[in-house]
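Visitor: Mind docking chain B on chain A? Use the hints.
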Amino acid sequence: MTALEHATEVVDPVPGTGAPHLPEQPDSGPEFVQLLTPEGERVEHPDYAIDVTDEELRSLYRDLALVRRWDVEATALQRQGELGIWASLLGQEAAQVGAGRALAPDDMAFPTYREHGVAWTRGVDPLHVMSLFRGNDMGGWDPVATGVNLYTVVIGAQTLHATGYAMGLQRDGADAAALAFLGDGATSQGEVNEALIWAASLSAPVVFFCQNNQYAISVPIERQSRVPLYQRASGFGFPGVRVDGNDVLAVLAVTRAALARAREGSGPTFIEAFTYRMGAHTTSDDPTRYRMASELEEWKLRDPIARLKAHLARAGIADAAFFDAVDAEGDELAVRIRTGTLEMTDPAGTEIFDHVYAEQTPDLERQRAEFVAYHASFEGEK
Amino acid sequence: MTTLTLGKALNMGLRKAMEDDPKVVLMGEDIGKLGGVFRITDGLQKDFGEDRVVDTPLAEAGILGTAVGLAMRGYRPVCEIQFDGFVFPAYNQIVTQVAKIHARSRGRLPMPIVIRIPFGGGIGAVEHHSESPEAYFAHTAGLKVVAVATPADAYFGIQQAIASPDPIVFLEPKRRYWEKADVDTDATPDPLFRSRVLRAGDDLTLLAYGPMVKTALQAATAAEDEGRSIEVVDLRTLSPLDLDAVYESVRRTGRCVVVHEAPTTLGLGAEIAARVTETCFHSLEAPVLRVGGYDTPYPPSKLEEDYLPDLDRVLDAVDRSMGF
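So the protein sequences, as listed, match chains A and B. For what it's worth, numbering that gives the first Met the number 0 labels the leading residue of the first sequence as 0, then goes sequentially. For what it's worth, numbering that gives the first Met the number 0 labels the leading residue of the second sequence as 0, then goes sequentially.
Chain A with its partners taken away, still in its complex shape (with noise of 0.2 Å):
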């Protein structure tokens, strides 16, 4: 089964729930950037041109279609008992890899807990986002070294470190700029609001993109604001984009100019990226109880990724075997991240009060004494 079939499958429709929710439709115009339709054709937009090579185009697929099988096989895992919960990216691969791409080296990104693709883009080895759903740790990778922070679960606490960081910057005159990630129901959280403020007010060289993914967990857009996101940020006195979130070549664009926007001193800039998370909030969700699967069939019609195939194989980018040699990469991918986590040992208990710290206290020295001593008194019993 597909990862899409899989959606439409836990998408069926409740009787009687009345009148489907249906995405607003976004503007076609100057104000929806978008570079490829949902039918795979490369369109131009006045302010934001994109010059990618062939070969940047298929690994933009490459990421894509990578990041789908890594989530697929994630959420077989959790369904097989071996990740305590997963939250899928299905959908939003585009507006992940896209905004991801658009980071430089020294730029960091601040993701929420659903930047799988964001953290693929920058090298974080998937497992050690797996170590995080399987409940052996926090996330493993290392937030310096990947330039991307650790998933923050707190709604929108996040644009508010991002938002700091971009002050460092500032003050050590680094050419780089924070990418701070968030959701359409953050927006409504007192903290992102803070964010938004201080980043106009002090010009702070940060990116807040906005995955309107529709839903906050079951409850709709429209619940949290009456106006399109985007337009929120003139009220913060910085420029708002709202951009074709399945379309990994405007998103790409978009982040590109707004990061550069940035690192140059000219200040905060909010994406809005529509889009449509395809998939439950996570694997503890059940989206039938809120959504009817209609809505889902229309979005599947602009999935980020058929788009891009679609055009790679028009335009003669990519042929029958590149396509295959993808599906083949995305197989031995699936089964490292299977192998590795099924491999994963579970962390000694001692490690519970080893990081608390930088300088350890007393009293957890003593606790973790007496933790090590009542397991001790265990042992040779059976």
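Just so you know, the hints here were simulated from the structure itself, not pulled from any lab data. Small disclaimer: the values here were computed from a predicted structure and weren't measured. Any given hint could turn out to be false.
Stated by the list, open to error - Under the rule of at most 25 Å between Cα atoms (straight-line distance), these lysine to any residue pairs were calculated in the SDA-like manner:
| # | chain 1 | residue 1 | chain 2 | residue 2 |
| --- | --- | --- | --- | --- |
| 1 | B | 99 | A | 344 |
| 2 | B | 22 | A | 143 |
| 3 | B | 32 | A | 196 |
| 4 | B | 15 | B | 4 |
| 5 | B | 99 | A | 352 |
| 6 | B | 45 | A | 172 |
| 7 | B | 22 | A | 355 |
| 8 | B | 22 | A | 199 |
| 9 | B | 22 | A | 104 |
Stated by the list, open to error - Chain B side only, calculated, beta carbon under 10 Å to chain A, not exhaustive:
| # | residue |
| --- | --- |
| 10 | 65 |
| 11 | 70 |
| 12 | 73 |
| 13 | 98 |
| 14 | 100 |
Idealized CB from N, CA, C, for every residue including glycine.
Guide: Just chain B, lined up with the frame of chain A:
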């Protein structure tokens, strides 16, 4: 030796820390041109510039949230919360982020953030300006909590807190900001996370921190007139607690009273009573007693003298302990 108010000692300590480490950045509301509502940062923006003494937007979560990002970038943010009751908008960032990031990152992301909070009552203020929120922070793993009581501890303590690699809630007894004492700025200070016996005695061990240290010392002096010898300990560090000197004292005196302004139930006194009881059970002649604020919202200022522990309430607890 210089005579300093506690407030001026903090100001000089902050200045010294900023001179010693260019990564120290002060953040807060009104701390720049105004020098803070209590003038603790007076003159610092003029001398160190607006990038190092930041007049922030009026947003406490923003102060702490951006401090996290600055710390990730290698800075040492010192955040001023204007009054104790205003820390709660930042509570989410402090508890879910500042306190946990070191553990979350397995030590890859240190959070050397100091959160300065003027705390406690007795200044005749309106609501939210007189509270003692220390137990919330002492209950939170990943934070350290200290309270200073004297100009010397203020001068050295703020520098030690800034130099610490861990996040520290630094509590300043606002009603004592204007009290003076001699400070030897060339002295070698005691470690930050160490309690200190301020007055020796044989009959009872009296524990206090922050604004109540002075009250405890006054109570000990008054008790002396009645022939009672009270040992007074300034706890100084609330998380981690440093009770070795307390245990040693209680084993001699057999009696222990803890004083704080914060509400009594589940306050620091409760934890201290539990630990003293566990550790000194066979030496105790009386249960450990607590003298604290009542379990009410902090009252209007006309009633705060009824609410706050004072000399007489401390002596009453001493009497009750001695009567066992």
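Visitor: Measure nothing beyond the straight line between the CA atoms of residue 22 of chain B and residue 199 of chain A; if it is 25 Å or shorter, mark the hint as holding.
Guide: holds (23 Å)
Visitor: Let me know if the C-beta of residue 100 of chain B comes in closer than 10 Å to any C-beta of chain A, holds or violated.
Guide: holds (8 Å)
Visitor: Take a quick look at whether residue 99 of chain B and residue 344 of chain A sit within 25 Å of each other, Cα to Cα.
Guide: Distance ~23 Å between residue 99 of chain B and residue 344 of chain A Cα, so the pair holds.
Visitor: Are the Cα positions of residue 22 of chain B and residue 143 of chain A separated by 25 Å at most?
Guide: Judged against 25 Å, a Cα distance of about 18 Å means the pair holds.
Visitor: Residue 22 of chain B and residue 104 of chain A: Cα distance at most 25 Å?
Guide: Holds, at roughly 24 Å.
Visitor: Would you settle whether the hint for residue 70 of chain B is holds or violated, based on the nearest Cβ-Cβ distance to chain A being less than 10 Å?
Guide: holds (8 Å)
Visitor: Does the structure keep residue 22 of chain B and residue 355 of chain A at a Cα separation of 25 Å or less?
Guide: Given that 25 Å is the threshold and the Cα spacing comes to 23 Å, the pair holds.
Visitor: Next item in the hint list is residue 65 of chain B. Is there a CB on chain A closer than 10 Å to its CB?
Guide: The hint holds - residue 65 of chain B has a Cβ within 10 Å of chain A, the shortest such distance being about 3 Å.
Visitor: Quick one, are residue 15 of chain B and residue 4 of chain B close enough, alpha carbons at most 25 Å?
Guide: holds (16 Å)
Visitor: Given the hinted pair residue 99 of chain B and residue 352 of chain A, is their Cα-Cα distance within 25 Å?
Guide: holds (12 Å)
Visitor: Holds or violated: is the Cβ of residue 98 of chain B closer than 10 Å to a Cβ in chain A?
Guide: Hint holds; residue 98 of chain B Cβ to chain A Cβ min 9 Å, cut 10 Å.
Visitor: Does residue 45 of chain B pair with residue 172 of chain A here, judged by a C-alpha cut-off of 25 Å?
Guide: Measuring from Cα to Cα gives roughly 22 Å; hence the hint holds.
Consistency with the previously given hints is maintained throughout, with no hint failing.
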